[in-house]
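Given chain A, put chain B with the ligand in place with the hints provided.
Chains as they are written, first to last, in the working numbering: chain A, -18 to 107; chain B, 168 to 551.
Calculated from the structure, these hints are not laboratory results.
Each hint should be verified, as a subset may be incorrect.
So these bits of chain B aren't anywhere near chain A, every CB distance computed over 10 Å [said to hold, decoys possible]:
#  : residue
1  : K172
2  : D215
3  : P224
4  : L226
5  : S281
6  : M311
7  : K348
8  : Q422
9  : G432
10 : G459
11 : G480
12 : V522
13 : K523
14 : R550
If you anchor each label on the Cβ, the simulated ranges turn out as follows [said to hold, decoys possible]:
#  : chain 1 : residue 1 : chain 2 : residue 2 : range
15 : A       : L29       : B       : L226      : 27 to 37 Å
16 : B       : A201      : A       : D34       : 52 to 62 Å
17 : A       : S96       : B       : P342      : 46 to 56 Å
Just so you know, even glycine gets a beta-carbon here, dropped at the ideal spot from N, CA and C.
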Amino acid sequence: MAGTEFIENSPETKPFWDATAAGLFVLPWCRQCQRTHWYPRGVCPYCLSTALDWRESPGEGEIHSFSVNRMRKEPYVLAYVALSEGPIMLGNVVDGDPATLSIGRKVKVVFKPTSGGPPIPFFAVR
Amino acid sequence: MHRDKNAYIVGAWEHPARKAPDKSVVRLHAECAAGALADAGLTKDDVDAYFCAGDAPGLGPLTMIDFLNLKVRHCDSTDIGGSAPLLHIAHAAQAIAGGKCNVALITLAGRPHSGWIAPELNPTQPDMMWEMPVRHTTVDIYAMCARRHMHEYGTTSEQLAWIKVAASHHAQYNPHAMLRKVVTVEDVLSSPMVSDPLHRLDCCVTSDGGGAVVVTRPEIAKSLKRPRVKVIGAGEAVQGQFAGAVELTASAARQSGAIAFAEAGVEPSDVRYASIYDSFTITVLIALEDLGFCEKGMGGRLVADGNLISGIGRLPFNTDGGGLCSSHPARRGGITKVIEAVRQLRGEAHPAVQVKDCTLALAHGTGMLLGTRHSSVTLIFERE
Ligand SMILES: [Zn+2]
Chain A
-18 MAGTEFIENS
-8 PETKPFWDAT
2 AAGLFVLPWC
12 RQCQRTHWYP
22 RGVCPYCLST
32 ALDWRESPGE
42 GEIHSFSVNR
52 MRKEPYVLAY
62 VALSEGPIML
72 GNVVDGDPAT
82 LSIGRKVKVV
92 FKPTSGGPPI
102 PFFAVR
Chain B
168 MHRDKNAYIV
178 GAWEHPARKA
188 PDKSVVRLHA
198 ECAAGALADA
208 GLTKDDVDAY
218 FCAGDAPGLG
228 PLTMIDFLNL
238 KVRHCDSTDI
248 GGSAPLLHIA
258 HAAQAIAGGK
268 CNVALITLAG
278 RPHSGWIAPE
288 LNPTQPDMMW
298 EMPVRHTTVD
308 IYAMCARRHM
318 HEYGTTSEQL
328 AWIKVAASHH
338 AQYNPHAMLR
348 KVVTVEDVLS
358 SPMVSDPLHR
368 LDCCVTSDGG
378 GAVVVTRPEI
388 AKSLKRPRVK
398 VIGAGEAVQG
408 QFAGAVELTA
418 SAARQSGAIA
428 FAEAGVEPSD
438 VRYASIYDSF
448 TITVLIALED
458 LGFCEKGMGG
468 RLVADGNLIS
478 GIGRLPFNTD
488 GGGLCSSHPA
498 RRGGITKVIE
508 AVRQLRGEAH
518 PAVQVKDCTL
528 ALAHGTGMLL
538 GTRHSSVTLI
548 FERE
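One chain only, chain A, in its complex shape (with noise of 0.2 Å):
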């Protein structure tokens, strides 16, 4: 879980889980270079301005690369998904079959609750 305790260790990330407790996905944008990243860090990974903001996103992209973990009784599917907006980001793929998935397969981010903290962003096939 992304536990509060990690939040309150990194205040400058607070905005993120307050936007996914709304449904928002949002990425930093940093003013000074005009780019974003990931992951959300409160300093520009580019040129380390902490002249940032928050970009709402549709969260859509495509599959970099995943692997189906097969040692649980229910498979998970864990991928690197490439945002339209550049950055590669790590998550789960949570519906369909994994047998069906590729590398390019669409992909949305869909939020998940969690026990005791904000949503959390994980994708569906698009």
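Just chain B with the ligand now, kept in the frame of chain A:
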């Protein structure tokens, strides 16, 4: 690095245990230390520098130097995962060249097979909040690297399997190896799928044990009776997710290898034997490409058809069986990579896998997770 000041590996010892339920982690460290010092013909009192990483409990050197009752004037506990001991050798060589110490002891040990205490999660670690909620294990991350490599370069599961096959050919001669049975490509492909596309036999073993290495200045190395193994090149690099421009099919070995080869003044084609960190088969394949043993994307062809098997192939690797078959103590395979390279250079590997005229060897480590954050350290050794 000035060649006259190059450091030497004078002692190397691998713990024979693969299951050590009756020994503590620190006891394993101590046995490795004693083994490497005895191998070198030195004693505890000769040690004036100590190196360890996160597998050592407590505050690293502070705890271990007290436990081992050492008197040192130099220490280092840089932890970059499983490649840390290779980094420690590089840093020990620098410290020796800089006059900071004379005899450096490096230990690694652990007992993940008998009882594993996971490192505590630190909520201030900035990447954790984005990765913790995502269901994954180590093998899932490496499996994504493998799938992307297959996608970009046409690499196959059969080619990856050849890496395990080669390791198993070597492990049959190692009485301490956990997996001594020679396996075939078909055996690997028919082993259970752990994280598609990686099978169980694409993964390394989990073992207790450890190892230690002693590094000294030239004057001391020349006074000892053991064959001399000179550190002639060292390179290190760290690679993360590049702010979102993730690279799954190439590693920090591109940088660590280039630095090490340039410093040593040799080419990949000069290397007679290579110890390559082998947490998974894909770890080996990507490292071999990045180190320049073949063009990017051609690793599958390089490793296929037994080309990594000593006596058969062009590039004998991990002749002790490696992490894939012999041992992966403390879930860190760095020190065993160095130890087998030293055995090869001394002519002390098992006769069935000993590389003829092994005058130049490479040891390469990959620490932590190839697909998220990892370190690469490359060492090049010459027999003198
Ligand atoms: Zn910026």
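- [ ] Enumerate the violated hints, using their earlier numbering and listing them in ascending order.
- [x] 6
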